[in-house]
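Trainee: With the hints as constraints, model all of the structure from the sequences given.
There are 2 protein chains.
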Amino acid sequence: MNNSLNRYDGLRAFRWENDALELLDQRRLPHTVDWVRCHTAKDVAEAIRDLVVRGAPAIGIAAAYGTVLASRGSHFEDDVLLLRAARPTAVNLMWAMDRMVAVADSGSDRLLVEARTIEQEDLAANQCMSKWGAERLDRGCGVLTHCNTGSLATAGLGTALGVIRYGYAAGKIQRVFAGETRPWLQGARLTAWELSEDGIPVQLIADAAAAHLMHSGQVQWVVVGADRIAANGDVANKIGTYALALAARHHGLRTMVVAASSSIDMRTLDGEAIPIELRDPEELLSFAGQAVAPTGVTAWNPVFDITPAELVDVLVTEKGLVEHPNRARMHDLFGA
Amino acid sequence: MNNSLNRYDGLRAFRWENDALELLDQRRLPHTVDWVRCHTAKDVAEAIRDLVVRGAPAIGIAAAYGTVLASRGSHFEDDVLLLRAARPTAVNLMWAMDRMVAVADSGSDRLLVEARTIEQEDLAANQCMSKWGAERLDRGCGVLTHCNTGSLATAGLGTALGVIRYGYAAGKIQRVFAGETRPWLQGARLTAWELSEDGIPVQLIADAAAAHLMHSGQVQWVVVGADRIAANGDVANKIGTYALALAARHHGLRTMVVAASSSIDMRTLDGEAIPIELRDPEELLSFAGQAVAPTGVTAWNPVFDITPAELVDVLVTEKGLVEHPNRARMHDLFGA
Chain A
-19 MNNSLNRYDG LRAFRWENDA LELLDQRRLP HTVDWVRCHT AKDVAEAIRD LVVRGAPAIG
41 IAAAYGTVLA SRGSHFEDDV LLLRAARPTA VNLMWAMDRM VAVADSGSDR LLVEARTIEQ
101 EDLAANQCMS KWGAERLDRG CGVLTHCNTG SLATAGLGTA LGVIRYGYAA GKIQRVFAGE
161 TRPWLQGARL TAWELSEDGI PVQLIADAAA AHLMHSGQVQ WVVVGADRIA ANGDVANKIG
221 TYALALAARH HGLRTMVVAA SSSIDMRTLD GEAIPIELRD PEELLSFAGQ AVAPTGVTAW
281 NPVFDITPAE LVDVLVTEKG LVEHPNRARM HDLFGA
Chain B
-19 MNNSLNRYDG LRAFRWENDA LELLDQRRLP HTVDWVRCHT AKDVAEAIRD LVVRGAPAIG
41 IAAAYGTVLA SRGSHFEDDV LLLRAARPTA VNLMWAMDRM VAVADSGSDR LLVEARTIEQ
101 EDLAANQCMS KWGAERLDRG CGVLTHCNTG SLATAGLGTA LGVIRYGYAA GKIQRVFAGE
161 TRPWLQGARL TAWELSEDGI PVQLIADAAA AHLMHSGQVQ WVVVGADRIA ANGDVANKIG
221 TYALALAARH HGLRTMVVAA SSSIDMRTLD GEAIPIELRD PEELLSFAGQ AVAPTGVTAW
281 NPVFDITPAE LVDVLVTEKG LVEHPNRARM HDLFGA
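Those protein sequence lines, which keep their order, are chains A and B. Going by the working numbering, -17 is the number at position 3 of the first sequence; the sequence numbering is gapless. Going by the working numbering, 85 is the number at position 105 of the second sequence; the sequence numbering is gapless.
None of these hints come from the bench; they were simulated from the model.
The following label-pair restraints were derived from C-beta to C-beta distances:
no.: 1; chain 1: B; residue 1: A268; chain 2: A; residue 2: A65; range: 33 to 41 Å
no.: 2; chain 1: B; residue 1: L258; chain 2: A; residue 2: H11; range: 25 to 33 Å
no.: 3; chain 1: B; residue 1: D(-11); chain 2: A; residue 2: T275; range: 21 to 29 Å
no.: 4; chain 1: B; residue 1: G(-10); chain 2: A; residue 2: D260; range: 28 to 36 Å
no.: 5; chain 1: A; residue 1: R307; chain 2: B; residue 2: P181; range: 39 to 47 Å
no.: 6; chain 1: B; residue 1: P181; chain 2: A; residue 2: N(-14); range: 54 to 62 Å
Below, simulated SDA-like cross-link-like pairs (lysine to any residue); rule was C-alpha separation at most 25 Å, straight line:
no.: 7; chain 1: B; residue 1: K152; chain 2: A; residue 2: T278
no.: 8; chain 1: B; residue 1: K152; chain 2: A; residue 2: W280
no.: 9; chain 1: B; residue 1: K152; chain 2: B; residue 2: L(-9)
Glycine is no exception: its CB is placed at the ideal position from the N, C-alpha and C atoms.
Mentor: And the structure:
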């Protein structure tokens, strides 16, 4: 085991500096490393909406710091609404806002403490999940991941990518494949970058190549994160996760979902009740400012989908593992 | 029914002009319409390899004209080998070369007649398949297609896209979705272009969004082409087709494969025996010359996959339809 994984000192997606929140601009990675400085809650809400920062846990943490900024302005209630509405699917955003609002009466310093606590808890949760998830993998296996679930999406090692980091360091993982993750290419731009920085070999695939990869016998596990998990264990995650879980089940492979309890939403009955964000068709119609499709053509661009609980083999959280999640098992671990 | 569909006078992917083969450069569509003029068989082989022309039937026809050019040079046997080796998966290439070589002793004029015949037969096959395929669709349905199977891939209306053209004109199809088809974006660049030129509304989706689309109830049929169909009915087609057929079956939708008999390869036992082309990782690592992934990262880039026959609900060819293809039913229609 690589000891450096026991204490996280790697890549950061955000930093609180001189009374402002600085966000690593994930739209421009990996070829340009640039920080966006947010002075107001509105700045933070815009940065979340525009994908300067993305990844369910990172969005929650950014919004928490955004609430600190809101408390210094004169439109706290409005700013809170703005932050809550920045993106609809990842429940971490609402979860973090609930925690922040609950202590808002104690003032700005208390809010900063709460934001730091949310960040530290996420970092610690990453450690637990990464270890526990890696323990569940078979020695010598190949894994396929999707989107980015690493340090850029969390406060630490990551969720699914944390498991891959631990599993690789422990010699359990022999091959890592990453779906490029259209339209925003989080796999090609962010996951490939994080893994290559860590010296973990990764092969990118077109998202549509996943079923063929599974058939080829090169992977045994699909390891993904989550943006929201409903009370029955249904998982909202990056568009394409559902197809991966379907194909994995068809090929007798297993699907592991790795998510901090901040992504669990016991108030949402099932996946059908989770709002799925539809983003600008332009994300598919052009690339880096260049038009791809002909003028006048449109696109349907949902950026998340729902993987039904029955396709999940194991859910890894910092509170424990849920094998074959269902309503009863979710209730046992996460309460009402 | 739109009468204009009964006689094809639309878009052409190739033309024989002044003793040379001119190919519409599909790498630059839809924003640049440019023709590449091939004077030698080597020019044609390179154009096929570099995707100036693509689509199984179009590759076969281009290679047939390439053989005419070869017959005018002094390295006929070598040129034939070069053309045969240009791309490995679509059997139309080998099929067309077999036909051309069989008449090669009769001279260059006879070869030109044979190439024109192959082209005319494909055009006629398109008409049959388009009508018969459209007849099988349910009124008011939504269809999802993948890659490009239209006039740019054939000599006429297209295979799957011909069915969609007929089905739309007949008022049977209400919604058309096209997967963008990474890495080469044939869906976004070529299919969207053909459909919008025809005034058929189309919505692009990320390939990874197909399962979510199916779950949403907006499509009832997956309609695709084929690059090679083995004797047991297994279908090699553009990477991602397998995942679409798997997801369609899971959602109770139907999958139609539309392919001229030139794509049927009764000498290949099953899909496992079909060679799957692996292309340059660079197709995934960069976009329009811009690096996407970080330096040093690699990619696994198979550009076709195998859809097992049991996931195909109906195969439409110009020789007839095969419902739920298997070895016996394929043998009944296509012989040994």
